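As they're listed, the protein sequences go chains A and B. First residue of the first sequence? That's 1 in the numbering used here, and the numbers climb one at a time after it. First residue of the second sequence? That's 1 in the numbering used here, and the numbers climb one at a time after it.
Mixed in with the good hints, there may be bad ones.
With beta-carbon atoms standing in for the labels, derived distance ranges [to be verified]:
#1 A:R116 - B:T277: 38 to 48 Å
#2 B:D72 - A:A48: 43 to 53 Å
#3 A:R120 - B:T129: 23 to 33 Å
#4 A:A75 - B:P278: 16 to 26 Å
#5 A:R116 - B:G100: 53 to 63 Å
#6 A:R137 - B:D361: 57 to 67 Å
#7 B:E63 - A:G104: 48 to 58 Å
#8 A:R57 - B:G353: 58 to 68 Å
#9 A:R116 - B:Q246: 21 to 31 Å
#10 B:T189 - A:R45: 51 to 61 Å
#11 B:R190 - A:R137: 33 to 43 Å
#12 B:H248 - A:A75: 20 to 30 Å
Not close to chain B: a few residues of chain A, all C-beta gaps over 12 Å, as computed [to be verified]:
#13 A26
#14 D29
#15 C30
#16 T49
#17 E50
#18 P103
#19 A112
#20 R116
#21 Q122
#22 L135
Since the hints were derived computationally from the structure, they do not count as laboratory data. What you are looking at is a predicted structure, and each value in this text was computed from that prediction instead of being measured. Beta carbons: idealized from backbone N, C-alpha and C, even for Gly.
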Amino acid sequence: MLTPVVDDDGAPFWEYAARGELRIQACADCAELRFPPRPCCPHCRSFATEWRRVSGRGRIWSYVRPHPPLLPDYAEQAPYHVVLVELTDAPRIRLVGNLVSGPGARLDSVPAERIRIGARVQVVFTPTGLPQWLLERP
Amino acid sequence: MAVLKDATAIVGIGQTPFAKQLPESERALACRAILAALDDAGIAPDEVDALASYTMEETDEVEVAKALGLGDLTFFSKVGYGGGGSCATVAHLAAAIATGQATVGVAWRSRKRGSGPRPWKNTTVQLPTPAQWTRPYGLLRPADEIAMLARRHMHEYGTTRDHLFNVALACRNRANQNPAAIMYERPLTREMYMNSRWISEPLCLFDNCLETDGALACVVVSAERARDCRRTPVYVHSAAQGLPAQHHGMVNYWNDDPLTGPAWTAARHLWKHADLTPDDIDVAQIYDAFTALIPLSLEGYGFCARGEGGAFTEGGALETGGRLPLNTSGGGLSEAYVHGFNLINEGVRQLRGTSTAQVPDAATCLVTAGEGVPTSALLLRN
Ligand SMILES: [Zn+2]
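Okay, chain A solo, but in the shape it has when bound:
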């Protein structure tokens, strides 16, 4: 499987994720959230940042079901679901992820008919610290 190629701006996200915390970069001056992480606040141009913990609750904004040809590890689990989750605490922040039946489960572990735009989801983390999403009402 592909693992995140972490840069300086994104490193805190992955460090928190490894501890089971979903945190989003925020401006330490004007408090606006931003994603993906970057060095400077696009609202006030401050370089002071903090990482704000969010509830990890969200709704599916959209989703796709990739079919092969895909990279081998992904082809083996295809068709699987990639969801775009809009965070309840921060509606403009959307995270790409997988909808699964439990932490670390296969990417195709939720039946296709269970997925719909608007469904409520909750974050979980794989043992390697990758955020994943569970349906609140499976």
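Given chain A, put chain B with the ligand in place with the hints provided.
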């Protein structure tokens, strides 16, 4: 102040054959397409003093100038973001010529995509860091990235697979009229479309562009010089690039509104500097790496209101004789996928009156570059 409007014209177009596999190198194909375009214009290679292409173009201007015996170059430019750069190559040349930095410009794209590597397949190369937010989850290919927007558009506005089929069919029908197209003499039916395999639901095989080897080029000169060339000049009436605020590559999921992509930004500038409105456009060549880009672009360029891009395709609107004949050489879906450069050359043929699917008396054409990525567009007129 120098003005771009109608100050320059495209006076030559050239291309190689298109095929799944061509034996020659990208460099050789580039040279052939450029020589064909110069021959079409009746301009000698040593008169060329400006070049423009894509940052993804493997054959650089040094190689082209050396191989073709060009003269001294005083302007050269490369435009980023893959297919988003197509129209900007012409726009950069037009700006250079209109401001006196050069006199004869050539834009080109040469690509072996049919027989060459696909970037997402290479697992040995370290991914670009922005991909850390998408690729680990299996959002691997451009089709997956655009399918996410397509699904949302369907959910929010009732866009259907039949709407996407209308796009695929219009392109295929025009390719069936074009002997140079990969899909010449290969008709598409609704049954074929609906029964084809998925690539990334909701996008199926026929929602995706072709993998093609081939090269194209065009020649740009001043309007004054164009009057003495052997072909009817096709004027660059307006040109624009577009990179919206807070845009992010091909996954602009973090904007306030991901369904208003770069087309909207390019369109605002394009129409602002034009004497034309969308109602004045006779024929359109809209970037079609995926069918789902067409509804988004129809909305962005103002041919219909937000959310109506799917419904716009109904009733044969995109076919010959329809409200907006689309991609009349077959486009990326059915002629060739060469990062959209074939759309530029087809726009020129329409305004010369030499298309294989000629729109009667076509006098204006919109050509657009890749949507979803930082983009560009041209308004051409004769
Ligand atoms: Zn700030």
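Of all the hints given earlier, name the ones this structure violates by number, lowest first. Of the numbered hints, 4, 19 and 20 do not hold.
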